[in-house]
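Asker: Protein sequence lines, in the order shown, are assigned to chains A and B.
23 is the number of the first residue of the first sequence in the numbering used here; add one for each residue after it.
55 is the number of the first residue of the second sequence in the numbering used here; add one for each residue after it.
Wrong hints could be hidden among the right ones.
To be verified - Example chain A residues on the side facing chain B (calculated, C-beta under 8 Å, incomplete):
1. Asp-60
2. Asp-62
3. Met-63
4. Ala-66
5. Ser-73
6. Asp-77
7. Ala-122
8. Leu-123
9. Ile-126
10. Lys-159
11. Pro-163
To be verified - Here are the computed lysine to aspartate or glutamate pairs in the EDC-like style, where the Cα-Cα straight-line distance is at most 20 Å:
12. B/Lys-414 / A/Glu-65
13. A/Lys-108 / B/Glu-334
14. B/Lys-373 / A/Glu-165
15. B/Lys-369 / A/Asp-125
16. B/Lys-373 / A/Glu-112
17. B/Lys-60 / B/Asp-72
18. A/Lys-72 / B/Glu-356
19. B/Lys-373 / A/Glu-94
20. B/Lys-369 / A/Asp-107
21. B/Lys-414 / A/Asp-158
22. A/Lys-168 / B/Glu-411
Just so you know, the hints here were simulated from the structure itself, not pulled from any lab data.
All C-beta atoms in this analysis are idealised placements derived from N, C-alpha and C, irrespective of residue type, glycine included.
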Amino acid sequence: MGSLLHIAPRSGRLPGRRVLLKAGRMTMGARILVVDDDPDMVEATTIILKSKGYDVSAAFGGIEGLEKAKAERPALIVLDVMMPDKDGYEVCKELKADPALCDIPVLLLTAVVSHISTTRYSHRMGMETEADDYVDKPVEPAELVKRIETLLSRQ
Amino acid sequence: MPGQHKILVIDDEQLMRDGCERILSKNGLSVIQAENGEAGLAVLDKAPDEIDLILLDLMMPGMSGFEVLEKIRTLDEDLLVIVVTGYATVESAVEAMKKGAYDFIAKPFTPDQLRIVVKRALERRQLQREADFLRLERERSLRDVATEKSRVKTIINCIGDGMIVCDRDSCVVLANPAASRMLAIPETHLLGKFVSQSGLPGELSKTMEESLRAGDSPYTSISQELAVGGKQEIFLRAHTAPVRNDLGEIMGVVTVLQDISYLKELDKMKSEFIAMVAHELRAPIATVEQQLAVILGNMAGELNEKQEQLIARAKERTKGLLVLIKDLLDLSKIEAGKMIQYREPMSLAEVIPRVVEVMKADAAQKDIEIAFVPPPTNSIIHADRNSMEAVFNNLISNAIKFTPAGGQITISLGEQTGFVKAIVTDTGIGIKSEDIPRIFDKFYRVKSSATRQIVGTGLGLSIVKNIVEAHHGSISVQSEEGKGTTFSVLLPKEAAPAGCAENGWDS
Chain A
23 MGSLLHIAPR SGRLPGRRVL LKAGRMTMGA RILVVDDDPD MVEATTIILK
73 SKGYDVSAAF GGIEGLEKAK AERPALIVLD VMMPDKDGYE VCKELKADPA
123 LCDIPVLLLT AVVSHISTTR YSHRMGMETE ADDYVDKPVE PAELVKRIET
173 LLSRQ
Chain B
55 MPGQHKILVI DDEQLMRDGC ERILSKNGLS VIQAENGEAG LAVLDKAPDE
105 IDLILLDLMM PGMSGFEVLE KIRTLDEDLL VIVVTGYATV ESAVEAMKKG
155 AYDFIAKPFT PDQLRIVVKR ALERRQLQRE ADFLRLERER SLRDVATEKS
205 RVKTIINCIG DGMIVCDRDS CVVLANPAAS RMLAIPETHL LGKFVSQSGL
255 PGELSKTMEE SLRAGDSPYT SISQELAVGG KQEIFLRAHT APVRNDLGEI
305 MGVVTVLQDI SYLKELDKMK SEFIAMVAHE LRAPIATVEQ QLAVILGNMA
355 GELNEKQEQL IARAKERTKG LLVLIKDLLD LSKIEAGKMI QYREPMSLAE
405 VIPRVVEVMK ADAAQKDIEI AFVPPPTNSI IHADRNSMEA VFNNLISNAI
455 KFTPAGGQIT ISLGEQTGFV KAIVTDTGIG IKSEDIPRIF DKFYRVKSSA
505 TRQIVGTGLG LSIVKNIVEA HHGSISVQSE EGKGTTFSVL LPKEAAPAGC
555 AENGWDS
């Protein structure tokens with residue numbers, strides 16, 4: 023069959039961003055802020071994160087999310103894109119523009135696109151927003167946890 | 055001769071009248087007798103159209119033959135009169151002829167002489183009638199042509215579709231009010247102007263001029279969509295075709311314009327509706343699937359085996375719904391022309407591995423090996439990245455679906471005269487030859503015992519074909535039942551070779 027190229031695992035990170043893996047760093051117990059206007063989604067995400075020992079705080083809209091981010095300075099923010107009051111891109115932009123908050127990693131949660139079109143966002147939105155990673159809703163719990171661990175271990 | 059001719063015999067002599075009747079009725083003619091001028095005129099008065107010929111004795115007591123002749127002439131100048139002269143004087147015969155008699159016969163005459171004279175007169179009468187008929191017919195036709203012209207003009211002026219006709223010198227010779235309204239150009243500005251100088255939209259005047267030069271080429275009509283500006287933009291569909299004469303020479307060009315703004319509007323509404331419904335459906339279904347994932351992960355309490363089985367099935371169903379919604383969204387985007395917006399130089403050699411990577415988990419679940427054979431040269435195409443990903447995502451996920459456990463999927467890239475060729479081959483169940491022509495149809499799904507368990511929307515290959523064709527490429531399929539299937543995608547190579555390695559995906 024000739025030489026076959028087997029593909030290296032994909033990483034969701036953005037071009038140019040350095041990956042600093044600090045092996046063995048404890049991420050358990052870190053506070054994660056979940057921002058989503060859908061309370062059922064917030065609950066499901068919260069259950070997943072709590073099951074891994076994270077301390078979870080919830081906000082049910084973009085504006086509330088920004089307030090809580092300022093007040094609580096979480097270790098990471100899981101941010102929904104489609105929210106009526108202020109969408110995820112806008113929230114992310116404001117977070118990254120704030121020197122006090124810009125180092126908090128943001129995991130963008132989108133229900134807009136399917137798994138394959140994720141790259142549409144990596145390409146179009148990822149460049150425009152400064153989210154650190156993105157994942158489609160719904161997400162396999164294990165995948166969500168993996169992404170969060172990766173982001174936290176970069177810090 | 056058609057019908058039975060009627061002959062009126064006006065003579066004061068009973069013997070003469072009876073003699074004529076006897077002779078003529080042998081020839082199938084019908085004779086009406088009148089014993090003097092008054093009686094003869096009375097017959098004519100009663101039924102002027104029924105008499106074909108009159109035999110008139112010149113010498114009668116009372117009203118003379120000449121008087122009767124004059125009266126007959128005023129009654130109907132087309133009526134044929136043969137005068138019968140008692141003493142054959144040429145003078146009276148000539149005078150009668152001058153007064154309008156058609157012929158004369160001198161007494162005494164033989165039956166044959168009478169027959170000949172009558173026969174000639176009747177033939178003349180027949181010719182006259184036919185001539186009259188033809189004259190009337192011609193007048194009517196001329197009137198019809200005139201009416202037809204104005205009728206066609208009225209129709210053209212009244213129809214809702216716009217119509218523009220130009221002659222072989224590309225000079226506008228007809229433009230109806232609808233055309234001038236649609237194009238917002240006054241009729242007077244169009245008529246008599248050259249197509250190129252009449253203010254018609256550039257694409258349209260170009261098409262009309264091209265149609266004039268169509269020559270013998272068999273192409274019949276060109277259809278194009280135009281967006282016409284102004285305060286409110288309207289969309290027109292223009293059908294343009296050359297007008298040919300009997301010899302097939304092009305005499306001019308006709309363009310028919312249809313206002314399709316409302317269709318465009320409907321189409322947009324349809325796409326927006328589908329997109330809206332899909333988005334609205336997607337969010338709650340995504341949430342439900344997320345909740346099921348939490349339950350299935352035993353994060354909301356331990357599940358027993360039956361519960362786990364049921365929830366797993368439920369999650370499969372929501373997954374299927376999400377794929378359907380994604381396909382509907384993709385299709386509505388393609389149909390709205392929104393899917394392929396960002397074309398850029400790119401290489402499939404970097405797109406395909408990314409798609410393969412995403413699909414690997416699904417393949418591994420079925421113990422299927424996916425391999426990508428890198429191309430010998432890195433060819434560049436001009437394409438929309440997301441669309442290309444959708445193409446290979448659909449092809450590869452199909453291959454996974456229709457390949458039994460332990461199978462093999464190979465994707466290779468190569469070139470074929472100006473095209474980049476991507477081949478997706480699987481060792482799957484294959485496609486029946488009768489199903490092959492329909493697999494690219496919207497919502498078509500191959501139904502068999504082997505495919506019953508496979509979920510899908512029937513939209514995937516339709517999306518693939520749409521995208522490939524929108525990129526001026528083509529897709530073909532070869533399959534052998536039970537052996538496997540090969541899809542070949544051809545996409546035009548970008549002319550200028552460019553390095554595409556530093557596109558940002560490989561670090």
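Asker: In ascending order, which of the hints set out earlier in this document are inconsistent with the structure?
Answerer: Numbers 6, 7, 8, 9, 12, 15, 16, 19 and 20, in rising order.
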